[in-house]
Amino acid sequence: MFKKIIWPILSFLSISLAIVFIFGFIFSINIDKGTQEDFIEPIEGEDNSLETNNESSENERDGLQILVLGDSIGFGVGDKSNKGIGIRYKELINKEEIKDVAVTNLSVPGYESGDLLTFLESKQNNSLISKADIIIISIGGNDLNNIEYEDTLSLDVNFKETIKSYKENLQDVINIVRNLNESAQLAIIGLYDPYSQEEPQKTRLLLEWNYETRLIAYLNYDIAYIPTYELFKYHLDSYLSEDEFHPSSDGYQAITQELFNILNGIY
Amino acid sequence: MISLIQNEVIKLLLKKKMILILLLLLIFISLFSYGEKYTYDKNLERLENLSGDMNYDWKNLATQRLSDLEKRLNSSYIPDEGIASIEIEIEQLNYFIENDINPITPSAAKFSVEFVEQGILMFIPLLIVILAADLVSGEFSSKTIKVLLTRAVPRWKILLSKFIALIMITTILISIIGVLSSIVSFLFFQRWGFNEPVATGFSLIQGSLNSDYVVLVTRFQYMLLIYSLVWYVSIVLSSITLLISVLVNNSASAIGILMAALISGQFLQFFLSDWTLVKYFFVTNLNLTHYLTGSYQIIEGMSLEFSIVVLSLWAFLSLFVSFQVFNRKDVLV
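As they're listed, the protein sequences go chains Z and R.
For the first sequence, this note's numbering assigns the number -3 to the initial residue and increments by one for each residue that follows.
For the second sequence, this note's numbering assigns the number 9 to the initial residue and increments by one for each residue that follows.
Note that these hints are calculated values from the structure, not bench results.
Keep in mind that the hints are not guaranteed to be accurate.
[Unchecked claim] With a cut-off of at most 25 Å between alpha-carbon atoms, the simulated DSS-like pairs for lysine-lysine come out as follows:
no., chain 1, residue 1, chain 2, residue 2
1, Z, K163, Z, K119
2, Z, K198, R, K50
3, R, K25, R, K154
4, Z, K91, Z, K76
5, Z, K0, R, K45
6, R, K19, Z, K0
7, R, K79, Z, K76
8, R, K67, Z, K0
9, Z, K0, R, K24
10, R, K23, Z, K198
11, Z, K198, Z, K229
12, Z, K0, R, K25
13, Z, K79, R, K79
14, Z, K229, Z, K119
15, Z, K119, R, K79
16, Z, K163, Z, K198
17, Z, K86, Z, K76
18, Z, K198, Z, K160
19, R, K151, R, K287
20, R, K165, R, K23
[Stated by the list, open to error] Restraint-style ranges between C-beta atoms, simulated for each label pair:
no., chain 1, residue 1, chain 2, residue 2, range
21, R, F202, Z, Y217, 49 to 59 Å
22, R, F202, Z, E240, 51 to 61 Å
23, R, I191, Z, E204, 26 to 36 Å
24, Z, I15, R, F324, 20 to 30 Å
25, R, Y42, Z, V16, 24 to 34 Å
26, R, L31, Z, P196, 50 to 60 Å
27, Z, L259, R, Q198, 28 to 38 Å
28, Z, E204, R, Q198, 36 to 46 Å
29, Z, I2, R, M267, 52 to 62 Å
30, Z, F241, R, R54, 46 to 56 Å
31, Z, E238, R, Q198, 32 to 42 Å
As the structure is a computational prediction, the values presented were derived from the model and not from experiment.
For each residue, glycine too, the CB sits at the ideal point set by N, CA and C.
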């Protein structure tokens, strides 16, 4: 009895399941294949953007060129007047009677040091970099902030890995920029601590992070390190924007003033 | 012919090892899903402790990441290669936020995929070996081969019916793994998660991960894809097991040879990864599923097509040899 019922059920089940599996199998091969065949397309897209960038930069040949590279702080997230560090710096210079200052902001919010490196390696903006006189780099905040951890031990381990790759990436970024442009003044914006007293553990890591950035700035030719931790420490309320992470307009002004003081001295 | 297959299927089913396989499955699945539930709970607890009294707020983090990504997308300076992968991440995040699901919450569908992804190298081959190792050699050791061969059917038909029966049971076994792992882990996680979006279709080009043409599928479709690959691997393994079973006259040594091949294959991958010959060994190619997830590959120059071709060659070769040997074998028992 059992044998008679089980046989048709089994044969039906196995045949239909086999058909399902065969279809799934063919489909998964196609998914994998499709990705490799279509790979030629994006390279063409790159060429187009390269040309447009060349045109736009040729128009701005004269005067002082300021270029901002990096993450959301370079981009100006949180700045209500949407100026960001670049334009605020331009305003400070204009007060000193230097005309013809052009600001180009290539920052992308959310970028980590690895993203910035691939961004530079894509070579789309080489002409902009080679023509800049001042290059402001803000990077690393997202690297540090995106460290995943479960406890203090894993935080320490992951931090060591992250800072190692950060140092390599930053050095590579500097090398790329220097290869394109030997004479520009580079400035690296340090990290501030938006959390104040809440997480002493993270503050310690942040200071270690800034120290490493400083060392890299010291070891390379003509790089200014702009400290922001000290600037923000006693003014978190007014220097942070509503998201309690990015600087406010005042915060950006403070960073820019510090940058200006370091590069130009006090007039 | 059909009655021969029917006979073989019933023989396979009524042996005690079917119960053994099901028991093994049940034990492993419940153990692993309990473990996953346990670590998940622990992690949540730790995260809540870290952030003080506040509940661990994943939603805030996810929304922040989402707005980050959207800003990034709006920036005109972003390299073209990055756009597709950003769009996919945005779509995934949107789903999780809309449905109020923490992306790291374990679900039944996620677990059953992970289970076979981990099991495809050792556990599933082990089940196949338990199932098939004594298919022919068992007949020799219990001396029933005489009865079987005295029937008025050619030898190749007998072996073919055994092979077809084996494929049928393997097919059912793979789907049992899927159903069982989903149901048992659902009891632990209380969530099916079949509709979650999953990104698949990564490919490695010149050593770096290329995510331009990643496709978004639901977790149920993804599960079907993964299980199809696992099914294919199992069919290949059954053919190889059949060969060993024909060659060797007792089940114990058949199991021993196969387990030795599987385990030494794992070692070879790590210690001899520079040796190009290793990539033509079937054990090295078993891990088909990782081509869909885009994980790191140990040996250069291996792709999904390559592995499938190598596995097919192994299957055809072992079927060919086993039919030849079985046709000519002297039955001395």
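Do the hints match the structure? See the list:
1. Restraint check for K163 of chain Z and K119 of chain Z: the C-alpha separation of about 21 Å stays at or below 25 Å, so the hint holds.
2. Pair hint K198 of chain Z plus K50 of chain R holds up; C-alpha atoms about 22 Å apart against a cutoff of 25 Å.
3. Taken as a hint, the K25 of chain R and K154 of chain R pair is honoured in the structure, with Cα atoms around 23 Å apart against an allowance of 25 Å.
4. The straight-line distance between the Cα atoms of K91 of chain Z and K76 of chain Z is roughly 22 Å, inside the 25 Å bound, and the hint therefore holds.
5. For the suggested pair K0 of chain Z and K45 of chain R, the alpha carbons sit about 42 Å apart, so the restraint of at most 25 Å is broken.
6. About 13 Å separates the Cα atoms of K19 of chain R and K0 of chain Z, which keeps this hinted pair within 25 Å; it holds.
7. For the proposed pair K79 of chain R and K76 of chain Z, the alpha carbon gap of about 16 Å is at most 25 Å, so the pair holds.
8. Annotation: proposed proximity of K67 of chain R to K0 of chain Z is violated, straight-line Cα distance about 55 Å (limit 25 Å).
9. Among the hinted pairs, K0 of chain Z with K24 of chain R is consistent with the structure: their alpha-carbon atoms are about 20 Å apart, no more than 25 Å.
10. Restraint check for K23 of chain R and K198 of chain Z: not satisfied, since their Cα atoms lie roughly 61 Å apart, outside the 25 Å limit.
11. With a C-alpha separation of about 14 Å, the suggested pairing of K198 of chain Z with K229 of chain Z holds against the 25 Å cut-off.
12. Between K0 of chain Z and K25 of chain R the CA atoms are separated by roughly 21 Å; this keeps the pair inside 25 Å, and the hint holds.
13. Restraint check for K79 of chain Z and K79 of chain R: satisfied, since their Cα atoms lie roughly 16 Å apart, inside the 25 Å limit.
14. Between K229 of chain Z and K119 of chain Z the CA atoms are separated by roughly 38 Å; this puts the pair beyond 25 Å, and the hint is violated.
15. Between K119 of chain Z and K79 of chain R the alpha-carbon distance is near 22 Å, which keeps this suggested pair within the 25 Å criterion.
16. Annotation: proposed proximity of K163 of chain Z to K198 of chain Z holds, straight-line Cα distance about 18 Å (limit 25 Å).
17. For a cut-off of 25 Å, the pair hint linking K86 of chain Z to K76 of chain Z stands: about 17 Å separates their Cα positions.
18. Restraint check for K198 of chain Z and K160 of chain Z: the C-alpha separation of about 17 Å stays at or below 25 Å, so the hint holds.
19. In summary, the hint linking K151 of chain R to K287 of chain R is not supported, as the alpha carbons are separated by about 39 Å, beyond the 25 Å threshold.
20. For the hint pairing K165 of chain R with K23 of chain R, the CA-to-CA distance comes to about 22 Å; that is within 25 Å, so the pair holds.
21. Evaluation of the 49 to 59 Å hint for F202 of chain R and Y217 of chain Z yields a pass: the beta carbon distance comes to about 58 Å.
22. Distance hint for F202 of chain R and E240 of chain Z: a CB-CB separation of about 38 Å, inconsistent with the stated range 51 to 61 Å.
23. Between I191 of chain R and E204 of chain Z the CB atoms are about 49 Å apart, so this pair departs from the stated range of 26 to 36 Å.
24. For I15 of chain Z and F324 of chain R, the Cβ-Cβ distance of about 21 Å falls inside the hinted range of 20 to 30 Å, so the restraint holds.
25. Separation of Y42 of chain R from V16 of chain Z is about 30 Å and conforms to the stated range, judged on CB atoms against 24 to 34 Å.
26. The hinted window of 50 to 60 Å between L31 of chain R and P196 of chain Z holds, with their beta carbons roughly 52 Å apart.
27. Distance hint check: the CB atoms of L259 of chain Z and Q198 of chain R are about 59 Å apart, inconsistent with the given range 28 to 38 Å.
28. At about 42 Å, the CB distance of E204 of chain Z to Q198 of chain R agrees with the hint of 36 to 46 Å.
29. Between I2 of chain Z and M267 of chain R the C-beta distance comes to about 30 Å, which lies outside the given range of 52 to 62 Å.
30. Checked against the hint of 46 to 56 Å, the C-beta distance between F241 of chain Z and R54 of chain R comes to roughly 23 Å, which is inconsistent with it.
31. Look at E238 of chain Z against Q198 of chain R: about 37 Å separates their beta carbons, and that is inside 32 to 42 Å.
Against the hints set out earlier in the document, violations occur for numbers 5, 8, 10, 14, 19, 22, 23, 27, 29, 30.
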